[in-house]
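Two chains, each in its own frame: build the complex with the hints.
The chain contents come next:
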Amino acid sequence: MKKWLIFFALIIIATLQLNWPASLSFFNTKPDLLLIFSISLVFYFNFKTALVSSVLAGLFKDAFLPSAIAINTLSFAVWSYLTFRLSSQVSTENSYVRLAIILIIAVLNNIVIGIQSLNSGSFIPAGIFLRSLIISSLYTGALSPLVFKLTKKIAG
Amino acid sequence: MVKLERLSSEAENLRRRLFDLREIEQENLRLKSILNFKQRSPLRIIPARVIARSPDSWSSSVIIDKGRDSGIRTGMAVINTQGLVGRVIESSGSNSKILLINDPSQGVSSIVQRTRQEGLASGSLGANLIMRYLPADAQIAVGDIIITSELSRVYPKGLLVGTVVNIGKEFSGLSCYAVVKPAVKLSDIEEVLVIIP
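Protein sequence lines correspond, in order, to chains A and B. Sequential numbering from 0 applies to the first sequence in numbering that gives the first Met the number 0. Sequential numbering from 0 applies to the second sequence in numbering that gives the first Met the number 0.
No wet-lab data here; the hints were simulated from the structure. A quick note: this is a predicted structure, and the numbers were derived from the prediction, not measured. Note that beta-carbon positions come from the ideal geometry of N, C-alpha and C, so glycine has one too. Do not rely on the hints blindly, as some may be mistaken.
[Stated by the list, open to error] Simulated coverage check for chain A against chain B, where a stretch passes if three residues somewhere in it have a Cβ under 8 angstroms from a Cβ of chain B:
| no. | region |
| --- | --- |
| 1 | 22-28 |
| 2 | 39-45 |
| 3 | 110-118 |
| 4 | 123-135 |
| 5 | 147-154 |
So that you can see chain B by itself, here it is in the shape it has in the complex (with noise of 0.2 angstroms):
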């Protein structure tokens, strides 16, 4: 009995150790690939651990580890490996918030990188981004790859915001808009890296 309580003990501190390191196996691998990332990059980055996120349902950003005392200064654009992710809105000593690109209040300047279409994709607080302002016979079609646009003051060009998943005509009739799936899983991300200019 003393046996069979000590063997269950042992395997409930196995199971335990086993889920630690799997977790530590999947944070070596997300960083892996920042550091891989990182050295192919020309850019020049800051990595920062993502620590909190907003705290009601109607605003869309994340506060970041990593401050003024790191470089970061407000305006900065925001990435991952997989694509945009925002841009640092406060810069304190520490830590830095960074709104994200599905804020409503947020808008990319973007083109459509097959056919160099512009339009300014916007946050809706929903998991897509609208794409809008598109004239009614824009060259875009689902599965179109949108990336930043070199109007934009903010982000450098070139940096993958999506894919075009729908498109609509607006109430007008006189000009489209296309539901755009971030590239960047905006409710999961727990690494991010912020571009130096």
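Just chain A, same shape as in the assembly (with noise of 0.2 angstroms):
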């Protein structure tokens, strides 16, 4: 019944990310709502059922996309992974230290593909890649504390 959930979540948020208000974009640049829910899932639910969401949550991400290559299906899963052991080395129950992994890992995976977004011929200049990145992991670190909330409800 809770995959159902999970995934039943899942479609809500990605509609929720495709349909982002404008009025609610600072700068051209919005949350990774899905980047959220499929770290989250790490924290409640146990390591197979969040790999499978992480990776559900990325190629719903990558099919809305106009790049060829599935590279948020990928990352989401790493990120899933390497969450998953660093939180068996740390102790993540604390708000604040889930926040903060947010954000690094929203920065990291924000790198990840601008730099991909760049080799790929694409020119973005170095003001508003910075910005791209910068405030956009700000953004998704702000809200994140929303989406924990769902994915506890979630979780019972």
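This is the structure we're talking about:
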């Protein structure tokens, strides 16, 4: 039953991310709700469920992107695995620790996608690259408590 | 007291209805504008609605509600009543993916309408485009209109791209670039027109 709830929540979050209101976008950036959700699953569910859901979340995101490379499908799975390994070394019960993890992962994910975009021949001025990297990551971190609450409710 | 509650509820319903009617009025104006454009334009066009946008901040694309079943194919140019929007990069049965002109992987072969100076208007993820490969003595000025050139294989000639808002010199000093404000407000588009070649 909970697995169906996770799948349903994934669809709702993906729909919200696809239709994120322009009035809530800061400097043309939007938060990565699917990333927050896939990482939060590691904290509240077993690793297998979190990993499969992360791959699904990455797949949802890649399906609507113009890029030919399914980079999010791979990167979400990697971040989930690394978060799982980190949570076995460091206590992640504290909400500030979880927020810090989301922030770091958001920055790393944006760096990976930004560099992949530059590598594929796209022209992005340095100022806009940094803006997309920093503001998008901060925005993602700022909304993470809300997504954590949703995941906690699903976990029961 | 009961009458007051009933009147408050009625006022609330009327306010909601007024909001809905304003929304319908706005949609009516936009659709009339599209219909007028379709009737006046010599181009064969298919109107479509935007149903989703790019899920991240590193690309600029939208999904529309028309696809192969309506005759839309990959590579077709997309415009709206204000100017150039982008091109179709993927098309399935009932929807299509449009890459907007401000996507960094997108380049539009353009010319300055006044002087016919050629350049390449590239997206940069920001609100503006950057027209590059202009010689140092390029005949271009702030306020110039930029349109698509006949060198473009994707876009028909003469489509409005935007207006020059700033001109700068490249680091080498051998060429210059122009910052172009797109004619279309790409973050707010709701309806588009796909050009059938």
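Structure-based check of each hint:
1. 22-28: holds (count 3)
2. 39-45: violated (count 0)
3. 110-118: Since three or more residues must qualify, the claim that chain B covers the region 110-118 of chain A holds, with 3 doing so at under 8 angstroms.
4. 123-135: With 5 residues in contact (Cβ-Cβ under 8 angstroms with chain B), the coverage given for the region 123-135 of chain A holds.
5. 147-154: violated (count 0)
In this structure, the hints that do not hold are numbers 2 and 5, in rising order.
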